[in-house]
Amino acid sequence: MKDMDIVSHLQPTSERGVSDFDLIDEIIKEDSEQSVALPRPCPPPTDLSELPRSQHPRMSVRQSSSQSSRPVLVSRGTAHLPPRSFPQPLLQMSDSNEMTSAPPSRAATSLASSSRRGQGLCQPTSRSSSGVSSQNQGDTDMLERILEKPRLVVVEEPKDRGMRFRYECEGRSAGSILGVSSTDTNKTQPAIEIQGPIDFIKRVTVTVSLVTKDLPHRPHPHCLVGKDCPNGSGICLVTFNPHSNRRHSFANLGIQCVRRKELDLSLQKRSSQNIDPFKTGHTKGIEDLDMNAVRLCFQCELEWEDGRKDSLSPVVSSTIYDKKATTTSQLKITCLNQYKGPCTGKTEIYMLCDKVQKDDIEIRFSRGSWKANGEFAQTDVHRQIAIVFKTPPYQDQNITGEVDVNVALRRISDQMESEPVTFTYLPHNPDPYEVKRKCRVKSEISFREKPCVTGGAWISSFLFFLSVKFFYSCLLFLVCGSSLN
DNA sequence: GTCAGTTTCCC
DNA sequence: TGGGAAACTGA
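Numbered according to full-length UniProt numbering, the first sequence spans residues 1 to 485.
Wrong hints could be hidden among the right ones.
[Unchecked claim] Derived Cβ-Cβ restraints for the label pairs, each shown as a range:
| id | residue 1 | residue 2 | range |
| --- | --- | --- | --- |
| 1 | LEU265 | GLY162 | 35 to 45 Å |
| 2 | ASP288 | THR400 | 49 to 59 Å |
| 3 | GLN384 | ASP160 | 17 to 27 Å |
Hints were generated in silico from the structure; no laboratory data involved.
Don't be surprised by glycine CBs; every beta carbon is placed ideally from N, CA and C.
Using the sequences provided together with the hints, build the complete structure.
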């Protein structure tokens, strides 16, 4: 149907009433039927969304749009089609200003709603009512607005092993989760930011809850406690005006762990609060739940100036591990009984360390690209806090001087390493005097260990025996001769 | 009974 | 508030 026809149908008349609206309905219906037959743009490849903004093909179009020779973005699948006009005058004539006054970003917050109302996103008063350039311009705007949707970004991740999860029975504050860039002198907190257009946003409400470390991120039974966490809720609720500050830091946010026997109860509570950001349901068993690791999940609700609300996709933080748990804690070497040994290895060393799991630990020797492991069996791990092991041989058996290498504890499951300590490899024959001493000791040991007489000794003994015998014979001869005389 | 993980207590 | 350690629990 031609635009002029539509316009003529909508001329204000005194008789216009229900019949005119019926006619509008009919026009919309007719148009929507035609729309169905139109080729639709292909969905964008998923990897496009992951491109940096500067490399994003659509973004680059947008970036150049302010230039004088403004390029025209043509929707896929429409460039080759004959010109077709959308019924924009319909909107122009509408009494309702809902569509035209809707905040652009509000309209762009949902792809579904945008496609539903895409034509209405164009500002009909500023453009011609027909022709492909108008249509393309409208599509461009629509796409720009879709792409320029506000988004929630974690700008300061939580520190992964900064704190210990506390039980409720400990009757104390659960501490505060620090930011990953926190230092002793400059403490930071996990923070989020609303990025993108916020012109028509009145208020932002963020719900923070705990979810499991692994996909799918299910609600975690542990609780968030602190300043913005309503008593007993286990979640954190904050509301802020993004025009004052796009960023919000979560100070005084602690993790309170629940006892194993209270897991179900806690999950039920979360369910009753309607907290399941990724709609995972509760089908999976809780037996495989990692109690020592959680992620923060941020669910953001935007409230527009016209009072309507939109939700952004939930965003999760990096993983936070319980500092106390043996399976996830920071590894630490307290001391070794000796810090030097020959480059041939096999030196027995006693190591004291913080709690380890004997089936998930190794002792890593390293220097540059060279790496080797200390040798020990699980039975050599004593009550999780001491390990008796043998040093590995150094890569170079012909070193002429001492060589320092790093020794660290390494958890196999997550490749986490302790701070290294230095171990010194000594040359194979470091001291000639030492060698002589060792040889002397060795011969003495041989003599003691082998008291039997050797061949040389036999001959000596025999000669000694002969000389003694000869001496006594002579003596006897002299004595007998003198007595005969 | 041993061991390792969990929970609670307290400095 | 941080952390050590005892007490408890279950395999």
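So, against the hints stated earlier in the document, which numbers end up violated here? Hint check: 1 fails alone, others pass.
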